[in-house]
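S.K.: These protein sequence lines map, in sequence, to chains A and B.
With my numbering, letter number 366 in the first sequence gets 366, and the count goes up by one each step, no holes.
With my numbering, letter number 154 in the second sequence gets 154, and the count goes up by one each step, no holes.
You may find that some hints are simply not true.
Below, in silico cross-link-like pairs of lysine to any residue (SDA-like), each with a Cα-Cα straight-line distance of 20 Å or less [claimed, not checked]: (1) K213/A x L167/B; (2) K162/A x L167/B; (3) K162/A x R144/B; (4) K162/A x M141/B; (5) K23/A x A105/A; (6) K162/A x F184/B; (7) K488/A x K162/A; (8) K162/A x F195/B; (9) K162/A x V185/B; (10) K53/B x A41/B.
These are calculated hints, taken from the structure and not from any lab test.
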Amino acid sequence: MIRLLILLPIVAAVATLLTPSPKGRRHLLVGTAGLHLLLTAGAWLMPLPTFAADAWLGLDHAGRFFLGISSCLFFAVAITVGPYLEQNRTGRQREADTGSIFVNASPAVFCACLLGFLATMTLVAASRHLGVLWVAIEATTLVTAPLIYFHRQPRSLEATWKYLLVCSVGIALALIGNFLLVVASAADDITAGSLVVSDLVARRALMQGPWLKAAFVFLLVGYGTKMGLVPMHTWLPDAHSEAPSPVSALLSGALLNCAFLGILRAHSICVAAGLGDFSGGILIFFGVLSMLIAAAFIVGQTDFKRLLAYSSIEHMGLLALGAGLGGAATYGALLHALNHSLVKAALFLCASSFLAVYRTKLIPRIHGAIRVLPVSGWLWLFGFLAIAGSPPFGTFVGEFIILRTAFVGNHVWAGCLALLALTIAFIGLARAFISMALGPAPANLKPVREEPQQFWPPLALLSLALLLGLWIPARLHGVLAAAATLLKGGVP
Amino acid sequence: MTSGIDSLLILLILLNLILLGASRLHNAVRMVAAQGFVLGALPLLMQSGGAWKAALLLGIGSALLKGIVFPALLFRAMREIQVRREIEPLVGYASSLLIGVGVLVVCMVWGARLPFPWPVPSSLVVPVGLFTAWTGLFLIMARRKAITQVLGFIVLENSIFLLGLLLTDAMPLLVELGVLLDIFVAVFVMGIMVFHINREFDHINVDQLSALREDAS
């Protein structure tokens, strides 16, 4: 089952490279994504298959949850890739904001890298061995680098170089963290060293505290770089703003979660060994710091894709805070990870439509989006409510659970600072989103007839986020609760 | 056996110091290639009995990749884009060397004191690993050429390889090979990027890559 889930996109990627027609490639991409989603849905509905205790690959509760997010998002994005590639043909093009002339990379390579991205994300979710997890997360970096450099122009090149170097160096540090973890686990018996997560959790009494602490710090810095925690976030706004919008949707909604899973696994090992206060404290610190810094950059941001990127950093901070608080907040963080992915992907897909019509990324130049783009414009407005965590949407539920745990526990200061950051971000987001959506339409733009393939995926994602705010299905609650328990958290 | 390991480790220190002072990129690439060969020999000397097949495979794989494939790739890149030396590094060569020697002393004193829970093949492994990691990070931060940054990344990975040799029992061969494959692809992709940077900007100084700053807008 799990091998099939990983191999399917790889085979499809090779097939895409060999397919000459754009239409054939599009069908292959959407078909593979759909099949992957069906298989993942099967894994959600059926009880988890059993695997050997020392197996390297296997879906546990946490992996299954994150696999569901990645697969669902990938399917939605895959539908929009066809129209996107039609709009962005291979000939010479002109960037409106900087005036530079550029060409696009080959669409076949683009589709193949997308499918490779799906395969590596599946591998991340299915890794029970931290060494395999490391290999998979580094592989996601490598396979996404060509995606970010799709528009062959200096700015995307700069973003790609920064992304490659910062993330590769960061992840190299995570590998040192893995080594330290082996040392921590094999203190009394050299042959007992292991990197299988369940082994490490089971050996909790024998883990050596100082080595485990050092291991956690390295793992947090390494995977935190990939997740976009401040101050290791420098690559994130650049990569998200310069990548094609469907790729930004996947980076923000799926890739950051993969790194978060790595941190959650490391944290669960620490909690099992009785060092939960240490690792949780560090997570709370970086979480709140990320939220505050990101909120400061959201206010006054003039580029709407960078705005969305900083909002991602803020939400990643919130997830780290939730994981650090533990207890019910772990459940909240997982729920929020799901909702944030749905909403952020929907917003980046709307941003794609905006960019195609307005031909600029600058917020002050965009007005009257609901007149020019009747569907995407309204989605943008509702998406604002969702991303800012307003009540009817699922994002509110997750944020509420996390903040409540902070105030009920002994973390009033963390809760207050997080609330402050959320308020500042709300104001900054409101200013930008409302001025873009409302107001008179620019004189040179007539209302556009939007393609169903481009507005249905964000509409569906946003509706799902709305639904999750009103009602959490019993099955989803079951998956969430099992994942939170596995990660040493609790259920509210 | 220990003396053999120690001499190789001291060779690694010397290679790091030469790298810190190397102004010609050709020399720097040769030093990194030499590091690759030294690291290829170490698993064979350090393995204790049982796992010599895995050690052999790992050593040959590492030497091939870091000693031959990477240098060939980088030499080819330098020929195509006609770059010979690092001009105006952010930190000068003499000061780089001085800082390097200082850090080396700190690594020697501090690294030897780490209470490693089992006997290590040589007391030099951990200090040299730390010093190599520092050298890699320093090259990435203190040099301007994209190629030197790629070299720094390879040196950083070398240090991780060296530290990982202490744990071959726990890190299965398959994972080690996966790590090697990832690094190979990483350097390959970075090499392609170097070409593109050269074509777009007519040089490969990464400090020109500064359009995407918050203050730019």
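S.K.: Does K488/A pair with K162/A here, judged by a C-alpha cut-off of 20 Å?
M.R.: 35 Å, violated
S.K.: Between K23/A and A105/A, does the CA-CA distance stay at or below 20 Å?
M.R.: Given pair K23/A, A105/A holds - Cα atoms ~17 Å apart, limit 20 Å.
S.K.: Assess, step by step, whether the Cα of K162/A is no farther than 20 Å from the Cα of L167/B, and give holds or violated.
M.R.: 31 Å, violated
S.K.: Would you mind confirming whether the straight-line C-alpha gap from K213/A to L167/B stays at or under 20 Å?
M.R.: 18 Å, holds
S.K.: Holds or violated: K53/B with A41/B, Cα cutoff 20 Å?
M.R.: Holds. K53/B to A41/B sits at ~13 Å (cutoff 20 Å).
S.K.: Given the hinted pair K162/A and F195/B, is their Cα-Cα distance within 20 Å?
M.R.: 15 Å, holds
S.K.: Between K162/A and R144/B, is the straight-line Cα distance small enough, at 20 Å or below?
M.R.: Since the Cα atoms of K162/A and R144/B sit roughly 13 Å apart, the hinted pair holds (cutoff 20 Å).
S.K.: Does M141/B lie within 20 Å of K162/A when you go C-alpha to C-alpha?
M.R.: Judged against 20 Å, a Cα distance of about 12 Å means the pair holds.
S.K.: Holds or violated: K162/A with F184/B, Cα cutoff 20 Å?
M.R.: Judged against 20 Å, a Cα distance of about 18 Å means the pair holds.
S.K.: Below or equal to 20 Å on CA atoms is what counts here, so check K162/A against V185/B.
M.R.: Roughly 17 Å between the alpha carbons, so the hint for K162/A and V185/B holds.
In summary, the numbered hints that this structure violates are 2, 7.
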